[in-house]
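Visitor: This is what each chain is made of:
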Amino acid sequence: MTLIVVKKSPENGISNRLLKVALPSDTILLVQDGVLFAMDKDLESKVTQGVKLVALKEDFLARGFSEADSSIPLVDYNGWVELLEQNDKVIS
Amino acid sequence: MTLIVVKKSPENGISNRLLKVALPSDTILLVQDGVLFAMDKDLESKVTQGVKLVALKEDFLARGFSEADSSIPLVDYNGWVELLEQNDKVIS
Amino acid sequence: MKSVLFVAYQSPAGSIWINETFRSAFGMYGEELEPVVLFMGEAVLAVRANCKPEQLGCLPLSITFKYIARYKTKVVAVNEDLERFAIAEDGIEPSWNVTRISESELPDFMHAFDKVVFF
Amino acid sequence: MKSVLFVAYQSPAGSIWINETFRSAFGMYGEELEPVVLFMGEAVLAVRANCKPEQLGCLPLSITFKYIARYKTKVVAVNEDLERFAIAEDGIEPSWNVTRISESELPDFMHAFDKVVFF
Amino acid sequence: MNITIQVNVPPYTNEDMDTAMHLADACLKKGHKVSIFLFADSVLAANKQVKPMRIDRNIPVKIQELASKGVAMNICGLCAEYRGLTQGTNVDGSVFSGVPEMASLVFTSDRYVSLMP
Amino acid sequence: MNITIQVNVPPYTNEDMDTAMHLADACLKKGHKVSIFLFADSVLAANKQVKPMRIDRNIPVKIQELASKGVAMNICGLCAEYRGLTQGTNVDGSVFSGVPEMASLVFTSDRYVSLMP
Numbered sequence: 001m002t003l004i005v006v007k008k009s010p011e012n013g014i015s016n017r018l019l020k021v022a023l024p025s026d027t028i029l030l031v032q033d034g035v036l037f038a039m040d041k042d043l044e045s046k047v048t049q050g051v052k053l054v055a056l057k058e059d060f061l062a063r064g065f066s067e068a069d070s071s072i073p074l075v076d077y078n079g080w081v082e083l084l085e086q087n088d089k090v091i092s
Numbered sequence: 001m002t003l004i005v006v007k008k009s010p011e012n013g014i015s016n017r018l019l020k021v022a023l024p025s026d027t028i029l030l031v032q033d034g035v036l037f038a039m040d041k042d043l044e045s046k047v048t049q050g051v052k053l054v055a056l057k058e059d060f061l062a063r064g065f066s067e068a069d070s071s072i073p074l075v076d077y078n079g080w081v082e083l084l085e086q087n088d089k090v091i092s
Numbered sequence: 001m002k003s004v005l006f007v008a009y010q011s012p013a014g015s016i017w018i019n020e021t022f023r024s025a026f027g028m029y030g031e032e033l034e035p036v037v038l039f040m041g042e043a044v045l046a047v048r049a050n051c052k053p054e055q056l057g058c059l060p061l062s063i064t065f066k067y068i069a070r071y072k073t074k075v076v077a078v079n080e081d082l083e084r085f086a087i088a089e090d091g092i093e094p095s096w097n098v099t100r101i102s103e104s105e106l107p108d109f110m111h112a113f114d115k116v117v118f119f
Numbered sequence: 001m002k003s004v005l006f007v008a009y010q011s012p013a014g015s016i017w018i019n020e021t022f023r024s025a026f027g028m029y030g031e032e033l034e035p036v037v038l039f040m041g042e043a044v045l046a047v048r049a050n051c052k053p054e055q056l057g058c059l060p061l062s063i064t065f066k067y068i069a070r071y072k073t074k075v076v077a078v079n080e081d082l083e084r085f086a087i088a089e090d091g092i093e094p095s096w097n098v099t100r101i102s103e104s105e106l107p108d109f110m111h112a113f114d115k116v117v118f119f
Numbered sequence: 001m002n003i004t005i006q007v008n009v010p011p012y013t014n015e016d017m018d019t020a021m022h023l024a025d026a027c028l029k030k031g032h033k034v035s036i037f038l039f040a041d042s043v044l045a046a047n048k049q050v051k052p053m054r055i056d057r058n059i060p061v062k063i064q065e066l067a068s069k070g071v072a073m074n075i076c077g078l079c080a081e082y083r084g085l086t087q088g089t090n091v092d093g094s095v096f097s098g099v100p101e102m103a104s105l106v107f108t109s110d111r112y113v114s115l116m117p
Numbered sequence: 001m002n003i004t005i006q007v008n009v010p011p012y013t014n015e016d017m018d019t020a021m022h023l024a025d026a027c028l029k030k031g032h033k034v035s036i037f038l039f040a041d042s043v044l045a046a047n048k049q050v051k052p053m054r055i056d057r058n059i060p061v062k063i064q065e066l067a068s069k070g071v072a073m074n075i076c077g078l079c080a081e082y083r084g085l086t087q088g089t090n091v092d093g094s095v096f097s098g099v100p101e102m103a104s105l106v107f108t109s110d111r112y113v114s115l116m117p
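In order, the protein sequences belong to chains A, B, C, D, E and F. The opening position of the first sequence corresponds to residue 1 in full-length UniProt numbering, with each subsequent residue numbered one higher. The opening position of the second sequence corresponds to residue 1 in full-length UniProt numbering, with each subsequent residue numbered one higher. The opening position of the third sequence corresponds to residue 1 in full-length UniProt numbering, with each subsequent residue numbered one higher. The opening position of the fourth sequence corresponds to residue 1 in full-length UniProt numbering, with each subsequent residue numbered one higher. The opening position of the fifth sequence corresponds to residue 1 in full-length UniProt numbering, with each subsequent residue numbered one higher. The opening position of the sixth sequence corresponds to residue 1 in full-length UniProt numbering, with each subsequent residue numbered one higher.
Bear in mind the hints are in silico, worked out from the structure with no lab data behind them. Even glycine gets a Cβ: it sits at the ideal position worked out from N, Cα and C. Heads up, a few of these hints could be off.
Partial pick of chain B residues on the chain C-facing surface, computed with a CB cut under 8 Å [as the list claims (entries may be wrong)]:
| id | residue |
| --- | --- |
| 1 | T2 |
| 2 | I14 |
| 3 | V21 |
| 4 | I91 |
| 5 | S92 |
To spell it out: a stretch of chain C is covered by chain F in this simulated footprint if at least three of its residues, at any positions, have a beta carbon under 8 Å from a beta carbon of chain F; those stretches are [claimed, not checked]:
| id | region |
| --- | --- |
| 6 | 21-27 |
| 7 | 31-38 |
| 8 | 110-119 |
Model the full assembly from the supplied sequences, consistent with the hints where possible.
Guide: As structure tokens, then:
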């Protein structure tokens, strides 16, 4: 149960490599320009099966998207804190 | 006759798009992490025919490469100044 | 009169560069210079009416609008990038008064300026 | 004793991050912490004996060597990245005392640490 | 829980400091103990001589408010010296420390979130 | 020729300021007139209160040397205020200006090289 925080845009190689690091039952949280991954309809297929994907709502909406544009669930800052509570490790 | 300076790594999308902007008789100068393009043996095929490609020797060598590793000519800072003299415009 | 192109290529809400690009462009009118701003890559996200960095507490993009109107600063965005982010015509904030350009036109477009500065 | 992994992923001569990664790692020995440094992506360029940012006037990487030796800090580099940059075994500076890891081992490797911090 | 947030890049130019402050605030509201570690160029956020335009947020003032709400605000001292920031110009409630303090935070924090550069 | 070099990112963290200084030096040696425009976080390079480790280069001192050799060193004043840099803490030979000065450099320079952020 590890929380992996991806903050850089999909254009940045390190973001794609961080996605690959997740193991089943981990959660990947997309924040800042990392939220741009959330418009990718195939995002689920780019991570290991069983990995949970969520994006930070504030960062997604501020970039002009609406909630319907996201292929994964959105969480707010409270949700980020809950993810910190639920996962016992962080990779960021 | 335009000098196009590419300073970001090939991992950065903007570098690849800058390569495409060059017209015949332009020169593309790779500096900083842009020099990592110089180890690409197919680099010539990624730019319009007639575009001159050069890399900054200091930045290439400081990253641990030797002159033989480069598929394009290397110039030093004096060469950069000469390129500024020879081209009447700069895109950077 | 000389022409200068400022190119913004970074995502709008995550960094200050689009604001700095316009601040630079507006400063050019003090000289015999005609500035144009080009949105390329993730910077095109800025044109959406709903793109509001101020929701994060950051500097709003809308502070540029009155100057764009006053100086009639030309703002250009790359078509392929708009499409990549599914930005439809009716989702674009009218205050930008965006002109579209296709990727294939970029080389000639950029070479037509006396100076080109990326931000 | 807790373990912490510091991951450097940016090019060595263009930025300070590899030096800052090691400065952070060496600081960990003041607590009951065992730091490991991982080179990933363009950061693997640092391991070449000829990689010398000081040639550009920047901070040398070699200032880390005496501390790596003193603390026996483990340094790991991703195989696929070494290959991508054609970094051969005999081109690697021995002071790093590099251990190789393959890309496919990274998920389990990273999950074995109590804390993982990217620089 | 003890939660530490490390920031590495300059304020204003990037949203990282804003992200850190929002997250710190949300952590506080849920009763967690929060530390912020300002590393590298992020140390600029704690300089009280920063003068933003009136329309913009005042990050050093926001940091001071967080500190007064109980967030421990640590500045990497060596990083600060590299950026011309001297003790006394940092906002009230922030302290100059360094990698020993970072080590202590890594050791004692239940969760360590770094906003990578 | 008149050559201007614009820098946009923080010194030390990146090599841009080093690149700019090397290029300025090479331009001077060939008889060109050189200006450096420090924009955004690069303004830190001109802060004389910067204290690097002894093993590292002293960028503000190097800037001052370039200025004494004739390089016009312009600092974006608004950028500087955002980074807590006040007039008087900038190195001798550097001047606070702003986008009007940038416009003048864009207009009068034969070549304008910007090291993009």
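Visitor: Determine for every hint whether it applies to the structure shown.
Guide: Now for the hints, and whether the structure bears them out:
| no. | hint | in the structure |
| --- | --- | --- |
| 1 | T2 | holds, 6 Å |
| 2 | I14 | holds, 5 Å |
| 3 | V21 | holds, 5 Å |
| 4 | I91 | holds, 4 Å |
| 5 | S92 | holds, 7 Å |
| 6 | 21-27 | holds (count 4) |
| 7 | 31-38 | holds (count 3) |
| 8 | 110-119 | holds (count 4) |
Comparing the model with each numbered hint stated earlier shows that all of them hold.
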